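Which chain is which? The protein sequence lines are A and B, in order.
Residue numbers for the first sequence follow this note's numbering, beginning at 1 and rising by one.
Residue numbers for the second sequence follow this note's numbering, beginning at 272 and rising by one.
It should be emphasised that the hints constitute simulated quantities derived from the structure, not laboratory data.
Keep in mind that a hint or two might mislead.
Some chain A residues judged to face chain B by a derived CB distance under 8 Å, without partners named [stated by the list, open to error]: (1) V148; (2) D153; (3) S154; (4) L179; (5) S191.
Pair by pair, the computed Cβ-Cβ distance ranges are [to be verified]: (6) A:K136 / B:H504: 19 to 27 Å; (7) A:G141 / B:T381: 48 to 56 Å; (8) B:L297 / A:K260: 51 to 59 Å.
These numbers were taken from a predicted model, which means no experiment stands behind them.
By construction, the Cβ of each residue, glycine as well, lies at the ideal position given by its N, Cα and C atoms.
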Amino acid sequence: MKKIIKTICLLGLVGLLAGNLTAGQKLTLSGSTTVLPIAQKGAEDFMKANPSVDVSVRGGGSGVGIQAIVDGTVDIGDSSRAAKAKEIATARGKGVTMFANIIAKDGICVIVNKANNINSINLDTLKKIYSGEILKWSDAGGSGGSLVVVSRDSSSGTFEVFNEKVLKGSKVREDALMLASNQAVLTTVASTPGAIGYVGLGYVTDEIKALVVNGITANKETVISGKYPISRPLYMYTNGDPKGLAKQFIDYIMSPEGQKMVEDQGFVAVK
Amino acid sequence: MILNKTKEKLLEWFFLAFAFLSNIFLLGIVIVLFKEGLPLFKDIKVADFLFGRHWYPTFDPPEFGAFPLIMGSLWVTIGSIIVAVPLGLGAAIYISEIASPRMKEILKPTVEVLAGFPSVVLGFFGMVVIAPFLQSAFGLPTGLNALNASILLGIMAIPTITSISEDCISAVPRGFKEASYALGANKWETIIKVTVPAAFSGISSAVILGMGRAIGETMTVLMVGGGAAVIPHGFLQPVRTMTATIAAEMGETAIGSDHYYSLFAIAIVLFILTLIFNIIADLIAQRFRKRIV
Numbered sequence: 001m002k003k004i005i006k007t008i009c010l011l012g013l014v015g016l017l018a019g020n021l022t023a024g025q026k027l028t029l030s031g032s033t034t035v036l037p038i039a040q041k042g043a044e045d046f047m048k049a050n051p052s053v054d055v056s057v058r059g060g061g062s063g064v065g066i067q068a069i070v071d072g073t074v075d076i077g078d079s080s081r082a083a084k085a086k087e088i089a090t091a092r093g094k095g096v097t098m099f100a101n102i103i104a105k106d107g108i109c110v111i112v113n114k115a116n117n118i119n120s121i122n123l124d125t126l127k128k129i130y131s132g133e134i135l136k137w138s139d140a141g142g143s144g145g146s147l148v149v150v151s152r153d154s155s156s157g158t159f160e161v162f163n164e165k166v167l168k169g170s171k172v173r174e175d176a177l178m179l180a181s182n183q184a185v186l187t188t189v190a191s192t193p194g195a196i197g198y199v200g201l202g203y204v205t206d207e208i209k210a211l212v213v214n215g216i217t218a219n220k221e222t223v224i225s226g227k228y229p230i231s232r233p234l235y236m237y238t239n240g241d242p243k244g245l246a247k248q249f250i251d252y253i254m255s256p257e258g259q260k261m262v263e264d265q266g267f268v269a270v271k
Numbered sequence: 272m273i274l275n276k277t278k279e280k281l282l283e284w285f286f287l288a289f290a291f292l293s294n295i296f297l298l299g300i301v302i303v304l305f306k307e308g309l310p311l312f313k314d315i316k317v318a319d320f321l322f323g324r325h326w327y328p329t330f331d332p333p334e335f336g337a338f339p340l341i342m343g344s345l346w347v348t349i350g351s352i353i354v355a356v357p358l359g360l361g362a363a364i365y366i367s368e369i370a371s372p373r374m375k376e377i378l379k380p381t382v383e384v385l386a387g388f389p390s391v392v393l394g395f396f397g398m399v400v401i402a403p404f405l406q407s408a409f410g411l412p413t414g415l416n417a418l419n420a421s422i423l424l425g426i427m428a429i430p431t432i433t434s435i436s437e438d439c440i441s442a443v444p445r446g447f448k449e450a451s452y453a454l455g456a457n458k459w460e461t462i463i464k465v466t467v468p469a470a471f472s473g474i475s476s477a478v479i480l481g482m483g484r485a486i487g488e489t490m491t492v493l494m495v496g497g498g499a500a501v502i503p504h505g506f507l508q509p510v511r512t513m514t515a516t517i518a519a520e521m522g523e524t525a526i527g528s529d530h531y532y533s534l535f536a537i538a539i540v541l542f543i544l545t546l547i548f549n550i551i552a553d554l555i556a557q558r559f560r561k562r563i564v
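Could you build the full structure based on these sequences and the hints that come with them?
Right, here's the structure in full:
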């Protein structure tokens, strides 16, 4: 019995040592759940091409990604919004320079239930709907009775962009449903006749209807040209110019192959 | 002989250390909670936080009124108790007093399996099945509301209530029931007038522990509560609970910001509420135990 235990321990030790020897360099990413699909797929492809590299990817949200760069706990911080002045100042205090690498673009689509006969909306009406000035679909040019306003949580990156581009400082009506993920917004809008919500371009399916905003349909061309009014860049932040592995990784994402992967994930390539 | 004694002493110390370890963990958590939560009150008055009606933590200027969140938690907790007490207690009475031994052997473990059910699965069930049902049954604009959350939390609290109540009802001395039958009472009268009142202390603490389970539950309410930070005026309105707020917002706050501190302050409120629940459960249990003996 004792012998067996000894052998197991020895084997374990050998395994640990061997593991340490073969484990090569490490690259860590964390942050925005919007950027997560790109980061994850990118990490898989990157590790396939460089078997000695171990890339670990975590979500957490844009705030977490930027904070992690400020604290120096990751190599790349994903974010679906630009770093705030306050965050940049904190970083500078710690000797960290926030460097923004724009790796893709994303459009935020306004979606309604398929039963609704509305097809287009303008930003002003959208703002009135979300701030609670318009309460019925009939006042917004649609059908479906009273409005059910669906929003993302006020701490998500998607909300922050919506807040900046659509709400422009006014508050979301208090009884809006604040949901925790793009998928939850989609499910709710698909099953609720009077609902209006917003999700990233990559999440739009034929279960719901995406509206034309200010006369412009959200698609690759309009998002990349910036014509579509609710679009945003997606970032991978680094401390200063990307160096070493982080540079290799971001170079991969920016390569034609990487940008094709970005498109496959439902986002818009920047190159 | 001496060796044995030292061995025994060593073992004693060993287990003492374990007993203290969990207390130390608790202490550590409480210290962190207060350390990270209290700085909020440098900028915001306690009363404005507890009774403020608007929760807009990311707006400029932010508002940290947690009252809608506290009320949201209390509404779904009360709702879940309304759902869980009749079902849980009914099941407990049936299992301990009426069911055949064989039936009991099947039923009790089955109810307890429900306790281990992942809450995210229940939440998903609530989104996809209960929400559309409530929406069409009540003609509501949305099925993500306090009622939906109450039903699911009720289901989650049932195992706690059934299991503890059943133990207490079973523990009622035989003599009580025999005396009741001897006086000519039938089975129903005995259960309602003798057995259940005798087990009242245990049942009360079971209910309060069930409430503790419901108020602390996070994933389900995050998924089906609707997440609107309004003070609810009925079960058909969306709610945002304290737990859901912490879970949804913690990942996105900058450490050291007021928003971050405010989430810990919410956790303090939650901690104090559950502590009160536990103390009440304990007091009731003690008082009624004395009365019976």
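(request) Find the hints from earlier in the document that the structure breaks and name them by number, from lowest to highest. (result) Checked against the structure, no hint fails, so every one of them is satisfied.
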